[in-house]
Amino acid sequence: MILKLSLNGRPISADIPADQSLLDFLRAQGCYSVKRGCETSNCGLCTVWLDGAPVLSCNMPAVRAMGRSVTTLEGVRAQAEEFGGYLADQGGDQCGFCNPGLIMNVLAMERELTDPTEADIDEYLAGNLCRCTGFVSQKRAILAWLKRGDKE
Amino acid sequence: MKPVSELRVVNQPIRKKDYHALVTGQPVYTEDLAPRDCLVVKLLRSPHASALVKEIDVTRAKKVPGVACVLTWRDVPQLRYTQAGQSYPEGSPYDRYILDRRLRYVGDPVAIVAAESADAAERAIRLIKVTYEVQEPVLDFRTALDHPNIVHPEEDWKILYEQGSQVERNLICHEESADGDVEAVLADCDAVVEQTYHTVSDNQAMMETFRAYSYLDAYGRLNIVPSTQIAFHVRRIIANALGIPKSKVRVIRPRIGGGFGAKQTVEAEPYPAIVTWLTGRPAMIVYDREETTTCGCPRHEMEISIRICANRDGHIRAIHMHTLSNGGAYGEHSTTTVGLSGHKAISLYGALEAYRFDADVVYTNLQPAGAFRGFGATQGIFALESAVDELAHRLSLDPAWIRERNQVRQGQVMPSYFGEVNTSCTLDRCLERVKEMIGWGEKYPRRTLPNGHIRAVGLAMAMQGSAISGIDVGGATLKLGDEGFVNLLIGAADMGTGCDTTLAQIAAEALELDVDKVVTAQVDTDSSPYDSGSYASSTAFLSGGAVYRCALELIEKIKTEACHQKGWRPEDVEYHDALVEHLPTGQTLTLSELAYVAECGGGDVPSCTAHYTCPNSPPPFMAGAAEIDLDPETGKVTVVEYDAVVDCGTPLNPNLARVQTEGGLVQGIGMALTENARYLPSGALIERNLLQYKIPTRLDIGEIHVEFAPSYEEQGPYGAKSIGEIVIDTPCPAIANAVENACGVRIRELPITAEKVWRGMHPELV
Amino acid sequence: MLKFKTYLCPDTIEEALEHNKGRANVVLGGTGWLKMGDRSWNTAIDLKHLGLDQIEETDDAFRVGAMVTLRQLEIHPGLDTYTCGAMRESVRHIVGVQFRNCATVGGTLWGRYGFSDVLTCLMVLSADVVLAKGGAVPLTEFAAMKPDDDILTHLVIRKIPLRMAYASFRNTETDLPTLTAAVASVPGGLRAAIGARPARAERVEAEGETALLSAVSNLSYGSNTRGGGDYRRHLAGVLTRRCLEQLRGGEYE
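Residue numbers (numbering that gives the first Met the number 0), protein chains in the order written: chain A, 0 to 151; chain B, 0 to 765; chain C, 0 to 252.
Only chain A is shown next, with the shape it has when bound in the complex (with noise of 0.2 angstroms):
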């Protein structure tokens, strides 16, 4: 069927699958920073904003995002690159497949949540999966991120 959307501020229409998921369409729109890393809703990899807020993407059959918009690491692209080099000064960026998934969480985080605690972070991350960093080093790399504005 055909799927009309906002797929990072570009309206997109499309002729898909009724079932595909959101995750398959996204790659297949060439939105390569979305990831598949489980099957049961675990790991966090393929998050992406609709109208703004995370969802996993694996979750949702892409039907379901007609008419409304969808946002991308590729749509935000400026704003994952100055949190980017905040994770990249721990090496909290290791392999990177996790990176998208967490980068596109971490910035929703911020937008929802007013002075989160360390305790709130970890919660709101929670749903974000990672194998080789052990979370330290993200959680310093936000913990920074998150009071760059002091500075100045």
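Nothing false has been slipped in among the hints.
Sample of chain C residues with no beta-carbon within 10 angstroms of chain B, all distances over it, derived: (1) 22; (2) 24; (3) 33; (4) 54; (5) 56; (6) 71; (7) 129; (8) 135; (9) 159; (10) 212.
Straight-line alpha carbon distances no greater than 27 angstroms define the calculated DSSO-like cross-link-like pairs of lysine-lysine that follow: (11) C:2 x A:3; (12) B:53 x B:157; (13) C:2 x C:47; (14) C:132 x C:47; (15) B:1 x B:16; (16) B:516 x B:478; (17) B:245 x B:157; (18) B:61 x C:4; (19) B:755 x B:442; (20) C:20 x C:2; (21) A:3 x C:4; (22) A:146 x B:16; (23) B:247 x B:157; (24) C:145 x C:4; (25) A:138 x B:16; (26) B:1 x B:558; (27) B:478 x B:16; (28) B:565 x B:478; (29) C:145 x C:2; (30) B:62 x C:4; (31) A:3 x C:34; (32) C:47 x C:4; (33) B:128 x C:2; (34) C:2 x B:61; (35) B:516 x B:558; (36) C:2 x B:62; (37) C:47 x A:3; (38) B:478 x B:1; (39) C:20 x C:47; (40) C:158 x C:132.
Just so you know, these hints were derived from the structure itself, not from any lab.
For every residue, glycine included, the Cβ atom is placed at its ideal position computed from N, Cα and C.
Based on the hints, put chains B and C in the right spot on chain A.
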């Protein structure tokens, strides 16, 4: 080599060279790079743990529109090979075909389907009609030896060198080593602890599952782009499996989404490779998480029996370890992992009068095991470091003190470590510092909180190696380019660890260049220098050693070329700061000037290749300490704080070394507390996906603190030893020890679930 | 994989009911669990045009649409206050924010999952589900009904005077629960609901704490990979007691 304090690039916490691509989600991984018209490869897998394919009918499957080929055991070479990524001759038995008529575990491939779409491939798989002759499987590794059912009865099974195999007894290998008279010392000691410990087949659970694609190039050669740690071994193994010349195979390694040893086995590569070879079409396979978890190569399950003895004064005098290891259905890495369970545990204790280590590895009809960070040492250290605490309690001694009294020291000969000398070691400082960090003096053994929860501490020591002595080979090529930059070609695999950066740091340090002037190339077996690959804690030490040697050679070539261009005498020039100086005149020639002239009718454009192999394997050391919270009503154990101090020699990049440590510790915490692998009576794995196989989330780990206590290893680049594996070794024993300190319950079988602790606290209920 | 041939977004509930006849069609919730099944469907029905994505709070009830997400339940201030934080506590361990932004109240309740935190939590409230054909049905009754071709449109939580607490036991913080427990103090006595036994939540009532604990202990408990039956029975007692302590303290963490 320069002292650490004078290093400008090495030992600096610089960003990884590939960070920008990774944080902006660039298409740099296998699946992102594959041609869009790749055939989709899927496998029909055995539902039985042991069966023969009696009949297989693929007629209807082949008729599904879009199906390019359906392959069964009749269509693939019947050539035994091993998937284990090891130097030739491999220690692992040649015990597989790409597709075999005999199926040896739930998940063993029965047929390969390649189609234009995943849908078509899946439909075809459902239409393959198989008649199985189901046989009684061997499911318990404790009864596998001399079991009436033989996992590998085939006549063409072979192993390339003698390792005590008796395949008709399901015995993959047997080994023994000893020094001194263990029985005599055991009989003479004040206290003996004799216990058995059990670890399960934990899954590496790297975020990027197994995958590979392949295509034929203009020369008709088979090109493979796998997510692998071992590009050069992939080339050999695919050639072996397909029965084609190695010259026909080229392997290119893109970015890898984690490995942890899983990608030291050639899991997925043979399937697209044979499809491409037979059809001429590009083909790709992407394992899903369930395939990766159930048809991969997890940690070897081990049952380790220990006898350890000491005198009342705390002198540990003898250790005897016996390891029974579960190889599963195929023998990948079986003969090599098991030794580490003894050698890398026993050698932590330097005051032994005798030791003995013997081991058996058996076949079963379960998922084949493979390489996972720690590689046997993790299992052995869990067992021995648990037993040492039990011994300390038996003698009413502080477990930290008994380790201080007995730990191995720099300069000692280690009989249980192939007689190697301990050339660099700060284990004493690691232990001392970790005690301070955790607050051992105040917190040992336990205290009770107002809410009834118990806080307790436990600690453990660990060692690993740095590459396989005398076998592994690190390789590096350096080429001077115009503007004076340098290409660094390596065969080691950056799987997120950052070796593309740390190895460039070594080159930049030696060549006195800015690290941005050293450009690391992606691994390509056609152009990269040979390297065994990234496993066995080899990359920093061995590939790093090769880079260092290569850089020194390059400097000589640069000086020679400078003399050639300028007519200077070799004894008059010196290389420094990216230029050659003619000492008598003070004239200089920059690398940039030199390169331009060399490239335009000049002489020799400086480039060279160096390899490094080391006759011994200097161990990194560490000490780890856990503070746990134990809820005595539920048995739930939570890590409140985990502290670790590591001696990895000089950390090449302190940030990346720290992240290695933190990541390894958290994997160790998962192994200790939540990661389980149990099987149904059918032989199917219960913990088969991330819903059931519970790796830690960021809510499950507590505070983690890492420090370094660097020794200086003369054989390593700028004093470096390895760090990648050792970091997973301490949490299991440290947490088990903390649990006993909290509630008196000793858990000898991982993982330490709340229910086990609760049952331990209520023996009346069992 | 979630597989279906056609996808429909009906404009009325009647239309939705018409399409939902027959076993080959399915109403979509958050599809997180649905996609892990192996079957393929003929028609997938999305209720997104029916205005079921709001939580309406009135003086005497919360009216929760079937398409409200678990994340909406988690952060709704009115529900948080009314349930003494229990609503949030019951939801916040479920996988992650991205999952809870997908999972819906309708999908969660329709599945009547044994491991459902949400069902356990709601069961001690005075709650009804509203079915398009069947009308209002008490949640406790609904939980025991077999899935049919009706459609759940709303959850209605009546605001009776209440204090409550929720606790779950999990092997990791975001694992499926090994056991779930909700306890409420309501006029006339105490209620407890125990879920993940591993069977679905059941409610017991008693006048006093001792009787409640005894009733909890008398529920049936079974074994699965996350815990043995006797261990679950023990956990149920511990969690119920802790919830009771929390009620007495009038606080929650």
